[in-house]
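Please put together the full structure from these sequences, using the hints given.
Chain by chain, the residues run as shown.
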Amino acid sequence: DAGITQSPRYKITETGRQVTLMCHQTWSHSYMFWYRQDLGHGLRLIYYSAAADITDKGEVPDGYVVSRSKTENFPLTLESATRSQTSVYFCASASMDGYTFGSGTRLTVV
Amino acid sequence: SQQGEEDPQALSIQEGENATMNCSYKTSINNLQWYRQNSGRGLVHLILIRSNEREKHSGRLRVTLDTSKKSSSLLITASRAADTASYFCATDAYNNNDMRFGAGTRLTVKP
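Chains as they are written, first to last, in the numbering used here: chain A, 173 to 282; chain B, 21 to 131.
Between beta-carbon pairs, the in silico distance windows are:
| no. | chain 1 | residue 1 | chain 2 | residue 2 | range |
| --- | --- | --- | --- | --- | --- |
| 1 | A | Glu186 | B | Ala98 | 43 to 51 Å |
| 2 | B | Arg61 | A | Ala222 | 21 to 29 Å |
| 3 | B | Arg61 | A | Met268 | 18 to 26 Å |
| 4 | B | Ala98 | A | Gln190 | 43 to 51 Å |
| 5 | B | Val64 | A | Thr185 | 27 to 35 Å |
| 6 | B | Ser78 | A | Asp228 | 29 to 37 Å |
| 7 | A | Tyr182 | B | Thr128 | 23 to 31 Å |
| 8 | A | Ser252 | B | Gly79 | 43 to 51 Å |
| 9 | A | Leu211 | B | Ser32 | 14 to 22 Å |
| 10 | A | Lys229 | B | Lys130 | 38 to 46 Å |
| 11 | B | Ala30 | A | Ala224 | 35 to 43 Å |
| 12 | A | Arg181 | B | Ser88 | 41 to 49 Å |
Restricting the straight-line Cα-Cα distance to at most 30 Å, the calculated cross-link-like pairs of lysine-lysine (DSS-like) are:
| no. | chain 1 | residue 1 | chain 2 | residue 2 |
| --- | --- | --- | --- | --- |
| 13 | B | Lys46 | B | Lys89 |
| 14 | A | Lys242 | A | Lys183 |
| 15 | A | Lys229 | B | Lys90 |
| 16 | A | Lys229 | B | Lys46 |
| 17 | B | Lys76 | B | Lys130 |
| 18 | A | Lys229 | A | Lys183 |
Far from chain B by the CB rule (all over 10 Å, computed), these chain A residues:
| no. | residue |
| --- | --- |
| 19 | Met194 |
| 20 | His196 |
| 21 | Ser241 |
| 22 | Asn245 |
| 23 | Pro247 |
| 24 | Thr254 |
| 25 | Arg255 |
| 26 | Gln257 |
Simulated from the structure, these hints should not be mistaken for laboratory data.
Every residue, glycine too, gets a C-beta built ideally from N, C-alpha and C.
Here it is as structure tokens:
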């Protein structure tokens with residue numbers, strides 16, 4: 173199916189662990205994004221990528237790492253998870269008409 | 021920092037009424053977009069309006085843009101219970117591919 177998919181849908185991890193959130197799109201859109209959504213803050217941009225092997229920091233990049241070895245995949249890694257990274261994470265890709273979002277990953281760091 | 025700020029934070033209306041949500045932003049933009057988010061789901065793109073446009077329609081949606089006031093409004097006419105969702109505006113002030121979102125307006129449409 174065409175679209176943008178995120179996995180896992182839910183994740184619970186312990187403080188200090190490394191965790192990777194996956195994002196896959198089927199359109200070959202050049203631009204992809206990672207946002208986190210927290211109550212009272214709306215969506216905040218973590219990282220984005222203009223193309224394979226090109227990534228840039230967004231508004232809140234600290235504690236996160238991204239890679240984009242292939243156009244269709246844009247994984248987000250929390251190198252050492254902290255409780256403040258408990259959030260809902262959304263991946264998106266961009267076309268001329270706007271962004272398309274995945275269904276999100278709800279991450280809980282305990 | 022947030023670029024778009026939606027107002028009101030929450031809005032409750034009866035089915036059939038019109039709903040108006042506003043968005044203000046701080047710096048010059050190329051385009052402004054509105055998105056809807058149902059509870060527990062991702063955001064869905066509703067409409068994009070460019071800085072040289074003043075009004076745009078899509079079905080029951082009407083979006084206006086006033087660049088002199090740095091504001092936009094989203095009007096949903098003849099609302100339905102299915103319109104219950106959070107609505108976000110997003111702007112590209114930082115660059116064309118770095119959209120910043122507001123905190124959203126939570127719309128409740130009562131049957």
